[in-house]
Amino acid sequence: MRRSVLAGPVLEVAPKLLGMVLRSTTPDGTVAVRLTEVEAYDGANDPGSHAYRGETARTEVMFGPPGHLYVYFTYGMHFCMNVVAGPDGKPSAVLLRAGEVVEGLDLARARRGHPVEQPAAFNQSAVRKGPVAKLPKPNPDRDLARGPARLCVALGIGREGNGTDLLAKNAPIQLLDGPGYDGVPATGPRVGLREAADRPWRFWIPNDPTVSPYRPHVPKKRA
DNA sequence: CATAGGATGCGCT
DNA sequence: GCGCATCCTATGA
Numbered sequence: 001m002r003r004s005v006l007a008g009p010v011l012e013v014a015p016k017l018l019g020m021v022l023r024s025t026t027p028d029g030t031v032a033v034r035l036t037e038v039e040a041y042d043g044a045n046d047p048g049s050h051a052y053r054g055e056t057a058r059t060e061v062m063f064g065p066p067g068h069l070y071v072y073f074t075y076g077m078h079f080c081m082n083v084v085a086g087p088d089g090k091p092s093a094v095l096l097r098a099g100e101v102v103e104g105l106d107l108a109r110a111r112r113g114h115p116v117e118q119p120a121a122f123n124q125s126a127v128r129k130g131p132v133a134k135l136p137k138p139n140p141d142r143d144l145a146r147g148p149a150r151l152c153v154a155l156g157i158g159r160e161g162n163g164t165d166l167l168a169k170n171a172p173i174q175l176l177d178g179p180g181y182d183g184v185p186a187t188g189p190r191v192g193l194r195e196a197a198d199r200p201w202r203f204w205i206p207n208d209p210t211v212s213p214y215r216p217h218v219p220k221k222r223a
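Counted from 1, the first sequence has number 222 at position 222 by the numbering used here; the numbering is strictly sequential.
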């Protein structure tokens, strides 16, 4: 992927990210994910975008050159990340919503609190008789990066990833060169927004199991 | 399967 | 203060 490609209109850039591989290396190791679901945010004309109301300390990366990572913190506990698109100064970005882990599966499982695999004997029926401690159901590998916040956890990306140039050769987080997905992407409304929820600016690889379930915005009830 | 409620920090009005 | 580009768990079919 060349930077000039990312400098195009965000609605053209977003589907081109499908099938591309994002690789993140930390002291713990390396995890890479093949992107299966993204959403376009077009700051200038898009009430759903964080950049819609102008540049702030939080959104400044989006106003910079394409190919950098915009990471934000939300709901008091989650990080989500975007690839900055469009020409310099036009604050558009592509939210990375889901992917398939293609490298570093064990590390991704550990980061997501996936239980360590037990010896075969542990699963024998004899052991399962009688009362057992109620444990959270282990997520299948399909869910490791299914959803924007999970994707960040699986890749080990937080605040410090904000602003990373994904096309720099020595960057800890890189968008790798590759063929990408060459089929026809599915499209639909974006997930969980209050504003501009109708714009069909979500793109995903059809029938891919790692694509997140659609959840419309639900207004909180008042007292 | 579907729906509902809680957790939680911070950007913005 | 309000509300969020979310996720997890519990509950009922």
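None of these hints come from the bench; they were simulated from the model.
Check before you lean on any hint, since a few could be wrong.
[To be verified] Derived lysine to aspartate or glutamate pairs resembling EDC-like cross-links, with alpha carbons at most 20 angstroms apart:
hint : residue 1 : residue 2
1    : Lys16     : Asp141
2    : Lys169    : Glu103
3    : Lys16     : Asp177
[Stated by the list, open to error] Pairwise CB distance ranges, derived in the manner of DEER restraints:
hint : residue 1 : residue 2 : range
4    : Asp106    : Glu55     : 26 to 34 angstroms
5    : Glu55     : Pro140    : 39 to 47 angstroms
6    : Pro115    : Ser4      : 12 to 20 angstroms
7    : Pro209    : Gly29     : 21 to 29 angstroms
8    : Glu60     : Gly180    : 23 to 31 angstroms
9    : Ala168    : Ala57     : 36 to 44 angstroms
10   : Leu105    : Phe73     : 39 to 47 angstroms
Beta carbons are placed, not taken as given, at the ideal position from N, Cα and C, and that holds for glycine.
Outcome for the supplied range 36 to 44 angstroms, where the beta carbon pair is alanine 168 and alanine 57: At roughly 23 angstroms between Cβ atoms, alanine 57 and alanine 168 fall outside 36 to 44 angstroms, so the hint is violated.
For lysine 169 and glutamate 103, compute the direct alpha-carbon distance and say whether it is at most 20 angstroms. With Cα atoms ~19 angstroms apart, lysine 169 and glutamate 103 stay inside 20 angstroms; holds.
Starting from the range 26 to 34 angstroms, see whether the pair aspartate 106 and glutamate 55 falls in it by beta-carbon distance. violated (40 angstroms)
For the hint 21 to 29 angstroms, verify it against the beta carbon of proline 209 and that of glycine 29. holds (25 angstroms)
Regarding glutamate 60 and glycine 180, is the given constraint of 23 to 31 angstroms on their beta-carbon distance met? holds (28 angstroms)
Agreement of lysine 16 and aspartate 141 with the hint, judged by alpha carbon distance not exceeding 20 angstroms: violated (25 angstroms)
Regarding the pair lysine 16 and aspartate 177, is the alpha-carbon distance no greater than 20 angstroms? holds (12 angstroms)
Proline 115 versus serine 4 beta-carbon gap, inside 12 to 20 angstroms or not: Check failed, 45 angstroms falls outside 12 to 20 angstroms.
Glutamate 55 paired with proline 140, Cβ distance criterion 39 to 47 angstroms: Given about 41 angstroms between the Cβ atoms, the range holds.
Is it true that the C-beta distance of leucine 105 to phenylalanine 73 lies inside 39 to 47 angstroms, as the hint says? Cβ of leucine 105 to Cβ of phenylalanine 73: about 26 angstroms, so the range 39 to 47 angstroms is violated.
Checked against the numbered hints above, the structure violates hints 1, 4, 6, 9 and 10; every other hint is satisfied.
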